[in-house]
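*Asks:* Here's the letter readout for the chains.
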Amino acid sequence: MKKLEDRLLSIFKLDKTGTIFYFDASTTTTKSLLRVLCRWRGSIWKATLKQLCVWTILYMAISILYRYVMSESWQRYFEALSAYLNNDINTMIPLTFMLGFFVASVVKRWSLMLNSFGWIDDSAIAIATFIRDNDEDTLMLKRNLIRYMVLNQALVLRDISIQVRYRFPTLETLVAAGLLTTEELKKLISIPDVYSQYWLPIQWVCDHLVKAHQDGKIKGEKLLDTIIMKVQKFREGLSELLRYDWVPIPLVYPQVILFSVRLYFGICLISRQFLLPNHAKNKDSVDLWIPFTTMLQFIVYMGWMKVAEALMNPLGEDDDDLECNYVIDKNLITGLTIVDHNVQDTPPLRKDAFWG
Amino acid sequence: MKKLEDRLLSIFKLDKTGTIFYFDASTTTTKSLLRVLCRWRGSIWKATLKQLCVWTILYMAISILYRYVMSESWQRYFEALSAYLNNDINTMIPLTFMLGFFVASVVKRWSLMLNSFGWIDDSAIAIATFIRDNDEDTLMLKRNLIRYMVLNQALVLRDISIQVRYRFPTLETLVAAGLLTTEELKKLISIPDVYSQYWLPIQWVCDHLVKAHQDGKIKGEKLLDTIIMKVQKFREGLSELLRYDWVPIPLVYPQVILFSVRLYFGICLISRQFLLPNHAKNKDSVDLWIPFTTMLQFIVYMGWMKVAEALMNPLGEDDDDLECNYVIDKNLITGLTIVDHNVQDTPPLRKDAFWG
Amino acid sequence: MKKLEDRLLSIFKLDKTGTIFYFDASTTTTKSLLRVLCRWRGSIWKATLKQLCVWTILYMAISILYRYVMSESWQRYFEALSAYLNNDINTMIPLTFMLGFFVASVVKRWSLMLNSFGWIDDSAIAIATFIRDNDEDTLMLKRNLIRYMVLNQALVLRDISIQVRYRFPTLETLVAAGLLTTEELKKLISIPDVYSQYWLPIQWVCDHLVKAHQDGKIKGEKLLDTIIMKVQKFREGLSELLRYDWVPIPLVYPQVILFSVRLYFGICLISRQFLLPNHAKNKDSVDLWIPFTTMLQFIVYMGWMKVAEALMNPLGEDDDDLECNYVIDKNLITGLTIVDHNVQDTPPLRKDAFWG
Amino acid sequence: MKKLEDRLLSIFKLDKTGTIFYFDASTTTTKSLLRVLCRWRGSIWKATLKQLCVWTILYMAISILYRYVMSESWQRYFEALSAYLNNDINTMIPLTFMLGFFVASVVKRWSLMLNSFGWIDDSAIAIATFIRDNDEDTLMLKRNLIRYMVLNQALVLRDISIQVRYRFPTLETLVAAGLLTTEELKKLISIPDVYSQYWLPIQWVCDHLVKAHQDGKIKGEKLLDTIIMKVQKFREGLSELLRYDWVPIPLVYPQVILFSVRLYFGICLISRQFLLPNHAKNKDSVDLWIPFTTMLQFIVYMGWMKVAEALMNPLGEDDDDLECNYVIDKNLITGLTIVDHNVQDTPPLRKDAFWG
Amino acid sequence: MKKLEDRLLSIFKLDKTGTIFYFDASTTTTKSLLRVLCRWRGSIWKATLKQLCVWTILYMAISILYRYVMSESWQRYFEALSAYLNNDINTMIPLTFMLGFFVASVVKRWSLMLNSFGWIDDSAIAIATFIRDNDEDTLMLKRNLIRYMVLNQALVLRDISIQVRYRFPTLETLVAAGLLTTEELKKLISIPDVYSQYWLPIQWVCDHLVKAHQDGKIKGEKLLDTIIMKVQKFREGLSELLRYDWVPIPLVYPQVILFSVRLYFGICLISRQFLLPNHAKNKDSVDLWIPFTTMLQFIVYMGWMKVAEALMNPLGEDDDDLECNYVIDKNLITGLTIVDHNVQDTPPLRKDAFWG
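Chains as they are written, first to last, in my numbering: chain A, 1 to 356; chain B, 1001 to 1356; chain C, 2001 to 2356; chain D, 3001 to 3356; chain E, 4001 to 4356.
Among the clues, some could well be false.
[As the list claims (entries may be wrong)] Residues on chain D that point at chain C, a partial pick, calculated with CB under 7 Å:
| id | residue |
| --- | --- |
| 1 | 3189 |
| 2 | 3193 |
| 3 | 3253 |
The set of hints was computed from the structure by calculation and includes no laboratory data. Just so it is clear, CB atoms sit at the ideal spot from N, CA and C, and this is done for glycine as well.
Modelling step: build the complete structure from the supplied sequences, incorporating the hints.
*Replies:* Now the structure itself:
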């Protein structure tokens, strides 16, 4: 019970922080803008800094090679090569378009995944509304239904999200976390088909619901049907998540994008070198040594691509990824709190302030 | 009651204004075009003017530095730098594409949020239709149901929208506004889980509905189910709003865009300087001192980005943001008016004008 | 009755024309292409001609000023300015992208509005199918239900569409048109909340349906529920229309687009002037006086923007806008015809031609 | 009956061909690629060849005029004009973007139309499942229901698709085709409102279904409701088709696109002429007489636009258009076959091969 | 039975691999990036390597011809041609846009197809929940229902996917695989209409369900309706798949894209030749013999197009295509396992760990 309360607390904190951040950003002033730009966690800076350093070191190495090591004829050749590569690079590798369209389709997929994540409150309210008794047996029933649904979610997410896998490396850890009893575990592992294992808790839920109807705890066939439909909607969302995991975007698509971005900046290592002034045609051009503009370009494009990478695997361990463990805890707490609510607690009817 | 009527009035006024504005714009004549372009509130002008001034002052400062402070060799170097930066800037920072795709995905998200905002009339009509008695008790029931639903909306919006938070800083202010009784408040704060607090009023609504069915006020299990489905749809919309708030677009995406736009115009401070005619290669070029075209570009791009900023946080305090408080009031007034409607008031059947 | 028949006729005519036009265009031959290009009503030509004339006159005026009024030093300055503006204009104002993305999002919104417009046939068939008696009272009931639904639509469209407002400037005109009786009008104006006024006729419909169920005219709770769901779907569509009207696309977005297009062609007035040959660097260049290519560009871009303008306010008075009054009439006629259909008129069962 | 069988045969053939084509293309080898590129029917080649010839002839005529007919001063002027036009053409007419966005929105609309086309199998299975008797009367009923639904589809498509109009020029031809009896025809033409005529057969279907329920042939109100919902879904699809026909994309949009493409290639007739070498600045440039690259560009752009044209009117007579008549036949055959299926024919239960 | 177990095993293996791959990619580190880039199966490398080789050989052949075979005047002509082609190629063939928009629309279609693929677990849980008896007869019934649904899927996929066709070349092979009994086969082939054949197993399912309701095995009309709705949803998905197969994207669209890409690189064979230094204007330019940059461009564009090709026919035999046979097996195993689950196996209610 302790553990649960701790989690509860951490959720509140997280929730508050989230809210505070949002409030700050809700008017678009310069200050809030700066705050958005300066955040480190999950930011463009964190995402690109390391790679930018590596790239810059490589650039400097090539620069030194060209200026101090090469003979003059080699220098000439290097300059010609640099000019040749610089010439076609932007029509050759249409980064902007590829990234634009790729990010658009990945954002879409991401928001579909988000919607099918499985939020328990819909089913929990239906259960609490239509199963109205409050004796210990019925309460036990209602709490068990919630637990089975969260168990189902945990089973599915264990196979998709590495965060959840870390938390529940084996089925036994689910028992330790209180989501599963040893008796239930035995029944679960007696099922040969992995995929059916996922849905076994949902079958238990449906079975208990039908029994509750037969026992007269749910009054009416239509109401039973309504609860089961809500539970099935929860399950279907998780089933869709599994499907997104099984059938990812065909490998060629991200490969083309990842390859193109790296290739582009690989070529830039040569094509964007400052040529020695006495060789350069345009004598006015500056020799800054450090490729300032290309570095900015690196940040912009790599940052853009990070968006795609972060959204392609939204269940991973990156800073921006969905916190699956948090969702499991929230579902458990909210679900139990909702079904614990006693219908006798509903406030009696009163005339409202606008009466008359 | 007074307060309510005042609000009512202000709503009518707002409504009328809205209508009038719309009527004007409904034929696309030059005059209506001018009116659209000249509006200040929530306009491109208001959004960009201050930043444009700052930018222009910085530009002028650099210009004076370059013309009157720098030595000639420094001037040469500055000119080379300016040319170097001006050269690559458009391929380096593909603003048009990034903004185009980003605004497209933000507009989509915005219209999804708008749809899930929670409008009460659907549920209110269902309640008024299927709970047909008109004695004081039943009327009290119907009015309470509406009030609970609006309360639910207010509770959710308090945590998302800063406007609503200003209006209802504490739960006690909800009591003062007549949305909550002190008795109900006590029950509400006795719930430990914030998230479940949101849904408690909806549980009360469902509970009262089931009781009304048991008391024979709602005639038929299917009709009960229909009303509850409408109420749940209202709640699901608000639940989706919360989800959009919890899982914002990954930070990297807006950061990349915001950073790129600022970077672009930062570079323009140097690259778009008018070079002294005797140094410039193209002797015909004008020296306007004020970077007229870049200023226009500033307005266009910053305005475009303001679209994205305004739509990313549609519940904030910007001029274009949704007026959440207005929606809460409207829902309360409309809901109460609809359920107050007495079925005995339905006009009797008459032959229509086209009979025969 | 006369009036109704006239309208009926005009509908047929309109319908036929529509069909004929469509048939012509259904094979994409050169002839049908020419017909599409040459249509005047609602065409690109009509939309841009006036503005093009104004622009050309301004261009000519500046041209004459430059050639005959200015001193030579002023001419030199003008030429430098023209070159300066011509240089950056396309990267400065990325018209193509802005228009492309804006039109795409506006087209989407437009097709959503179209779908939620409110077509009565679904509800009418449900009413005619499930309320089967054909005595005068029941017929009166069925006709009244249709009339109330059309009345609801007229009330909503009056506040959104200026066409409908012209046709029904006051509520009394609705009485004159036969959509409302004076008795009903009194009840309608006794409702203080405008928004609830819209939905009052729908409440009447629901009320009559519930009564019809109680009287045994609708046999079965599920069937009652089905009819009410259809009626509510009709109402929800109109409710969505109102919402699109209340929460338009944030002003900044169209303002940025409108401003950019005008700005672009404003700058073209100077930047696209033909410079005097003896000053121009490229001596071969022609001096056409009339800026032929820029005029074509004007037509193309203004035409493209007209698409956005026409679709932003689809309920206005432009040639391409939805003919709201026609929809109201069609709904009334079709609805009445469908419910007038006597079930005794259904042809008896016969063996079909393929029996065997 | 003969006719039906012939059609049946032709359907099989068509089906097989379709399948075979698809199989070939299912692995993306060079051979299958060539087959796709070389197909003539509905191809880019067929779509653009004629227009390309006309364009090339015009080009050659202008070329000859320029080379052999013009005086030298005219030639100079022509050359200047050609250079002037060639200069701005790509920024002036942003074909790529316009086509890209237009085709995207047209493809979307097309796939929406495809979905709402009306496929009968859903309703047919519902009818066959829930109306279980197999005496001659019930069989007649079931077959009649199918026929009425197909009749409804034929009536709607007659007014939208020119193919179907050719097949059924008058209502009498529907009688000849066995879709309508003369008795039913009389009832149909006695309805004054065209639009209601479409839905009359659906009203007959609903009426027969309600009667079947009253006669005890459909056991249960909910099952009756389910069948009627399926039939209504079929009807709604057709109703949406009609709506797409009535409210086409506003004329300005396709007009802008069609005009721009033609204008572009019209200008190319002059701007892409090979200038005489002794006048040309770049003496190295080839003089090919035939504008090879512009011809390829013509094929690419015109082909792209053909996509838009083909998808804008998917019910026309072009090669790629939906074969409406085939759909009508298929619906009739499939529907009748499904309802003919005798429930006594369902195979008895057997233990399956994996019984454990 | 053996065969089934083998398949079971292979499924587990495949599942694990999939999971492992995903886990690796879930944090976007350099290592995981390299792994993504280096995969061969279904990769950009495998897709483009062969074609790149052919292209390079052709390029070298032309290069040798130009350098050693041609006379000097021919060389001059070749150089002029190369320059002429190189000039316009990028505006002439707007590959980036065409590919961007085409891939976007193909990705959309692909994800729609994926969703309508037919997953049995929804129906299987409904069957297992509502048909609760566990005697041999009922078990046989439940297993038969699952088998019929999988049979339906196999029948449909046989005609769409070449993988499934290879596995089940004739209907007899379905008998051998245990999906069909010879008795059922006879009934199946007695149906004249191919299309109706697909749906016959679904009719059997519906028929058995109605009978089970009549025998009291399904308790309640609403529950029967719910199961049948789930089964129909399964069938509708497959029906949509068939429709996507019948009405492919109009041929012109892919043809334009395929043609344009090939044409572009065909022209590059000439336009991207390194010209002999003494003829070239820019004497500094390198002569690399091998067209390094164009080869990279080839990989990028061909890879991008492979995305479109792979997604256009997702049921083919390419590496990235959906493994239809695997889906059929999984559906059979999961379905049987779920319905085999005995309701007596549901664990009894226990107080959970958080009780209290």
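*Asks:* Now, for every hint given, state plainly whether the structure supports it.
*Replies:* Hint check:
no.: 1; hint: 3189; in the structure: violated, 13 Å
no.: 2; hint: 3193; in the structure: holds, 4 Å
no.: 3; hint: 3253; in the structure: holds, 5 Å
Hint 1 from the list above is the single one not met by this structure.
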